[in-house]
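S.K.: Each chain, letter by letter, is given below.
Protein chains: 4
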Amino acid sequence: MDHIQKTKNELSREKVFRDPVHDYVHVRDSIILDLINSREFQRLRRIKQLGTSSYTFHGAEHTRFNHSLGVYELTRRIINNFVRNYPTQEPGDGLWDDSERMVALCAALLHDIGHGPFSHTFEGIFNTNHEAITQEIITSPTTEVNQILASFDPDLPLKVAQVINKTYANQQVVQLISSQIDADRMDYLLRDAYYAGVSYGQYDLTRILRVIRPYDNKIIFDFSGMHAVEDYIVSRYQMYMQVYFHPVSRGMEEILQNLFQRAKYCYSHKADQMKFSINFLVPFLNDTWTLDDYLKLDDHLMSAYFTQWLEENDPILKDLAYRFLNRHPFKSLLVSQEDRDELMTALQKELVAKGYDPEYYLGENSSYDLPYDYFQPYKTNSQKSPIELITKNNQVVELSQVSAIVKSLAGRERGDYRLYFPREVLHAIQAADPASHDANQAKILQAHLEESNDVTYHIQQRLF
Amino acid sequence: MDHIQKTKNELSREKVFRDPVHDYVHVRDSIILDLINSREFQRLRRIKQLGTSSYTFHGAEHTRFNHSLGVYELTRRIINNFVRNYPTQEPGDGLWDDSERMVALCAALLHDIGHGPFSHTFEGIFNTNHEAITQEIITSPTTEVNQILASFDPDLPLKVAQVINKTYANQQVVQLISSQIDADRMDYLLRDAYYAGVSYGQYDLTRILRVIRPYDNKIIFDFSGMHAVEDYIVSRYQMYMQVYFHPVSRGMEEILQNLFQRAKYCYSHKADQMKFSINFLVPFLNDTWTLDDYLKLDDHLMSAYFTQWLEENDPILKDLAYRFLNRHPFKSLLVSQEDRDELMTALQKELVAKGYDPEYYLGENSSYDLPYDYFQPYKTNSQKSPIELITKNNQVVELSQVSAIVKSLAGRERGDYRLYFPREVLHAIQAADPASHDANQAKILQAHLEESNDVTYHIQQRLF
Amino acid sequence: MDHIQKTKNELSREKVFRDPVHDYVHVRDSIILDLINSREFQRLRRIKQLGTSSYTFHGAEHTRFNHSLGVYELTRRIINNFVRNYPTQEPGDGLWDDSERMVALCAALLHDIGHGPFSHTFEGIFNTNHEAITQEIITSPTTEVNQILASFDPDLPLKVAQVINKTYANQQVVQLISSQIDADRMDYLLRDAYYAGVSYGQYDLTRILRVIRPYDNKIIFDFSGMHAVEDYIVSRYQMYMQVYFHPVSRGMEEILQNLFQRAKYCYSHKADQMKFSINFLVPFLNDTWTLDDYLKLDDHLMSAYFTQWLEENDPILKDLAYRFLNRHPFKSLLVSQEDRDELMTALQKELVAKGYDPEYYLGENSSYDLPYDYFQPYKTNSQKSPIELITKNNQVVELSQVSAIVKSLAGRERGDYRLYFPREVLHAIQAADPASHDANQAKILQAHLEESNDVTYHIQQRLF
Amino acid sequence: MDHIQKTKNELSREKVFRDPVHDYVHVRDSIILDLINSREFQRLRRIKQLGTSSYTFHGAEHTRFNHSLGVYELTRRIINNFVRNYPTQEPGDGLWDDSERMVALCAALLHDIGHGPFSHTFEGIFNTNHEAITQEIITSPTTEVNQILASFDPDLPLKVAQVINKTYANQQVVQLISSQIDADRMDYLLRDAYYAGVSYGQYDLTRILRVIRPYDNKIIFDFSGMHAVEDYIVSRYQMYMQVYFHPVSRGMEEILQNLFQRAKYCYSHKADQMKFSINFLVPFLNDTWTLDDYLKLDDHLMSAYFTQWLEENDPILKDLAYRFLNRHPFKSLLVSQEDRDELMTALQKELVAKGYDPEYYLGENSSYDLPYDYFQPYKTNSQKSPIELITKNNQVVELSQVSAIVKSLAGRERGDYRLYFPREVLHAIQAADPASHDANQAKILQAHLEESNDVTYHIQQRLF
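Chains as they are written, first to last, in UniProt numbering: chain A, 1 to 464; chain W, 1 to 464; chain L, 1 to 464; chain H, 1 to 464.
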């Protein structure tokens, strides 16, 4: 049965979706409605937006479906504004060409469609790549998404894919979807803050939507909106510092990664001893997976496998699955580059002494992000274009030139480096009597625990 | 390894959870923290609060974990208020006895712990009962929840279970958790509204928390807060009308129910033809399930089975799984009791004619709720106690006596009765040419379609 | 110097005003900007929206300037929606004729321009009428408002005035500004709730704006929005019950009224004994005032006179001014029609006995409002048209036919009747020893105090 | 008559005030309720919090009454937290001594009680000082405020006054009311943002209230709350940049200042020609004013005088009053220190040429604020103590050491310097034909207009 409806593109009646962040998402084109109803897009309902963050912020259980609608809606509002105020008058005037509308809307809606379950962790283990898969979903004739796009215009799939990999000729469309201040980031800051219940992600969206404009084939902002843009940069920085990089969520990620690693080992080296099959993961263990295999994956399937693993005989697989499903994150030590090797060795010894396999019970995790990357002429490979402002008399100036706050954040990596291991091991180290202890590692670790609590250690790491 | 921490009951430092609805959830007792960390409670992270409603309101993807923390927090705030303002002075004064605190907090936190995946639908098919299971989780010595409760006080499990089945001696504790205006409802109205992105569930919580009080072994409200309580009743009514009873969500529920039914059939009657095993459901097919079996179930596991069923050979199982995973809800006709039989017959014929098995492609669904049930002396079996107000000079009056709005809603069932079937069948009926059509059923159905669009039909059904 | 700018009507750049309720107020027409900048409109900055309510809800200090911009903005949004979705195609089709746009926007902006300081109280004493004055400001060639309107179109002043007195031919324009669910009410419910800090005034504005539409020369609502309209009616009812009719605000109003009354007496009967002049009030004492005199009045001027009166020799004038400026409201007794005469007499005696002149220290105040008035054919003088809904197949139905809540509120007056007098007299009555007291009135009053605390008394009055 | 109620200090029933920012303001002490009801405090209802800002942000019409209640409420919440978590155990432990509670609450409530109408402008002309007057109101036995304080404890007035002038022995109390992150600033950022309708003033108050604590006789913050404190500093910076320093509000302030100046001139030099008396300002013209005179002043009285001046014969007084009442702000030029003299001269000539007296039609206005001033040992006169954080192991670190954002703002003055003059003169300069023009000044001014539009000029001024 064919569940995709084909209609002429304009809907007889606008369709709306109630959205907690943007109030309503408005859909006026049947192609957009068809894309939303496609199976590849509906699958995003089963993939959480923030992976393990909901283990720290219990409210943040929203999915990529939720966010993708939001990015579409913001793009739609920006374009409507462009059409009203800055429509192109003649070729080459650098203003908004509304024949790009559908390309932009589709790219906005589909920009995350290649994401799989726990993307970053999964990709590290199974060698998948959500960006490449996004392209493939859009361009492969086997997908509903591709068919819908192509039925509107045979060139549309390629165009949308080009927007997503940033090679599309009209760079305004590219920047709307992917730049330092694009519809994607604008939506996720607000949305993640809303669901997590924190205020940090809030910035003055209404004002940003007033000052954003097309200019000289780029996206640029009225100088009068400088403080609103500055505030957006600070919000972004705060969300990274306080939500996305939260050490507890990363402690869950470490467990997840080791769990996948162990599963790979078990099904590769002792498949015959496993009680349950994991049919849909087999092609990934074998590295023979196809797009169709990938599209079957989602958070729910992974979670069901974790539930099965609780009953397997392999003690490590079983234990890690238990820790993940029941939220027992690894604990962490903040570590500097100089201390790293010594601590790794000490922790490995300690883990072995306590009966843990360091391969699966010790993890490294660094979280870095450039809150704002301004133009650096010598850094030719930088893909991030700067945020620019335009004055009343058409002068263009880069944001960090006029904002001390942004300058203080610009081009500087923020984040930290941590070693992760079981909570009970940390407690044992803390409780150990250094005097009577015959092993050296506990002393080293205790010394570091003390040092890492010292604020000067933090300041040296510039981890704020 | 033992993941449950045993500590003396007061935490050295209050622990908080960021919550989008109540800002912070505050935990000061280690027993509460241990219960939250128990595997039975963590499992609630994998069970959606609103079942299929997120197919209509995409923001409403929150889980029962989320809501359970909220009910605990509201109960905690109410009790703190009682302790400050209405502590019992002598036995029998009907005020708040704070030795009940821990019973109340635990009952609040655990009131939904027996819920399984898609509870209402699942229970209809597999003969489980989430209320009985809640009792069992609390009282069975095999659960972490029971062990935590018992380690605090051996009588605690039984007390908490009694609160939940409403037989606990102190009826104030019972009413806090379960009455017409309890912490459960107070939380879910606000929470569901927040996530769905609708304003209807909002009422003046701060004021309700000021006017709620213990009196004469009951929970009662200051007369000065009458309008706030009235507004809460209207919010509740609106949430039922606009969110909980939404016809599209029910169209997804109908598919889910038929899908479970078909799975039961397939695994009972042609188990050997099935490609994939569904280990964790087998005890439910056999009706041999234990509490331990039940606790393995969650939305994710169900969803994984649905994904498997997409690849089974049974065309009905496959098709229904496809409709559910990709959100193709059944459509509905609003039907009166008198018309029901005639329409059923006509629809069955029409479905058969179109090649659908009515057993799996035709559903009945009625949604009714009493927005407010005031005391009716003759209706002795009513379990719902009335909402009462108390004046400055200690007169007690029932809410609907002083609120015309509440009176207009009181004791009146609201909801509707609908027949559900595939969207494409509805379109076929609409498109049929009655003249040339040889079957009678299309005419009947077309006539009813026309009639059910008539507003007088709606008014006769009093479906508002 | 000429402070009014004359420009062609479309502004070169849209001008926005930040608004806490609607985010931005958008102005694209120079005529609107000129009207906002006119002295008659700027004067609204000095007239509070809610009179004495800010003495109960301290946050509610906003002015009619604030609200007038809001009504304009809502009208603008509704019209934009009409133009997009329901533009007239041929004369007589009953849809929206956009040549009415400017009439509607101007009427929305100016609908309250004739308000003076503490309108309702002032009008009772000085025989002014803000509705008539609104007409006059718009039509009198002496005002800036009139000149701005006429410079755009010589007929515009008259048209706008007709909209405001409801005689304008296009009744859609009239209903937008003045009906049971118009831009005026829509704005003030939200705005007053925002500033007062209460949640009761909130309703689903976004949904109302989606379902409102022109039809058959009327304003009507999609049937699908019934619950949103119902919720608006409940919000309105709650705001009246909880904010607008608050007994404390009315206790301040009573003082104000007596203060004006006493001032009138003093300046009429013993003008030569007054220390300070009240130049701008003189024409109102003499009943010789002109529009120009009226436009000089505002809350600030009144307040300055009250400050002067603190230093006058008349003890009543002085005392009442003190009570008003320093917020010492009269207290009240809830009174039924039957008890009224007896209580009046008793109170008058009691006041005289305590040395108060009942003329200035005893007030009657009744607050009534029809929350929703549906069509009653026999009540021919009702000016309020019903709220109507339209179904998908173009059936029109009146709201209370399909909403039990609205029906419970419809056509029923709500409010109460109270006698007001000084707080210290109330205390004296409460403290009086009825036994030893030689006067009868204290007994009557004490008996009534007791009775009026009885909830059955309230129920009999149906005052909820 | 005595309007001040004397009761034992604890109220029989907690009294609450609905507040849009903090939901409820809770009052449990009769002294606090009496202070709120005092005439000096009620007078704050007639003094706007933000002076001329409501001419730019029309929503921001709130008064100092509003804000003062908020500061009290925040102080109360902080103290409650201190009592619960950090009560002093023995003298000298540096924790919270709850015997200071009433001093702190009274100081919080009364910190702004000496403010008069348009304080900053008025003080410049009439030589008053709101801080000194605050002290006097508290300590002078003639005020109700003093009597209420003294009736509770004869030493209380002096203590409260010492808190306000920062000499009080317990510096924790001082810092709660007056420091870089005190209850005053915490309230006004949120409140002003709420009323203005901007998002910039929002920061994570709930988190700040969790991490603030007494330590070593100071107020300090948990290190874990660093980002929340950082965000507060950014919010403060944004509110100054976008709201408090807005050039249009300052354009109204310039008019106000010149208006006061001209009034002073008129009543000093040609009093006999004035039509209307301004009784309550006379003592200020004569510099013979007493506290009692001062307490009669408020915004309303000033506004009434402005209304009178519209009818005076002095053309400058009349014109400036007109501009103020009807919101015709002066326009401004951004000016560097180097350019200042040349531009002043040119503008003065231009004004004279156009018939304006530069004394009253040309103003200088600079707005500077240190968003955050960290400890600078060499700057011995700095009164602002740094914001400090405390780690888990009790290390104390100054905020800017660990926050690059705060460091980028610290110790740096932000604001700008502007010359203000009538809008019509600006238009004339812009329109002037430099070629045919015989005067030099227009060329200079046009050149500067062009230069000041150049973004590099702004960057050189570092005015962001």
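No wet-lab data here; the hints were simulated from the structure.
Just so you know, not all the hints are guaranteed correct.
For identical chains, the list gives no copy identity; a pair is met inside one copy or between any two copies.
Simulated crosslink set (DSS-like; lysine-lysine; CA at most 30 Å straight-line) [unchecked claim]: (1) Lys-270 - Lys-318; (2) Lys-275 - Lys-264; (3) Lys-392 - Lys-264; (4) Lys-354 - Lys-392.
S.K.: Run every hint past the structure and note whether it holds.
M.R.: Verification of the supplied hints:
Taking the closest pair of Cα atoms, Lys-270 and Lys-318 come within 30 Å of each other only inside a single copy of the chain (15 Å); across copies the shortest separation is 33 Å, beyond that limit. Within a single copy, Lys-275 and Lys-264 get their C-alpha atoms as close as 15 Å, and across copies as close as 23 Å, so both meet the 30 Å cut-off. Taking the shortest Cα distances, Lys-392 and Lys-264 never come within 30 Å of each other, neither inside one copy (60 Å) nor across copies (40 Å). For the homomeric pair Lys-354 and Lys-392, the shortest alpha-carbon distance between copies (28 Å) is at most 30 Å, but the shortest distance inside one copy (68 Å) is not.
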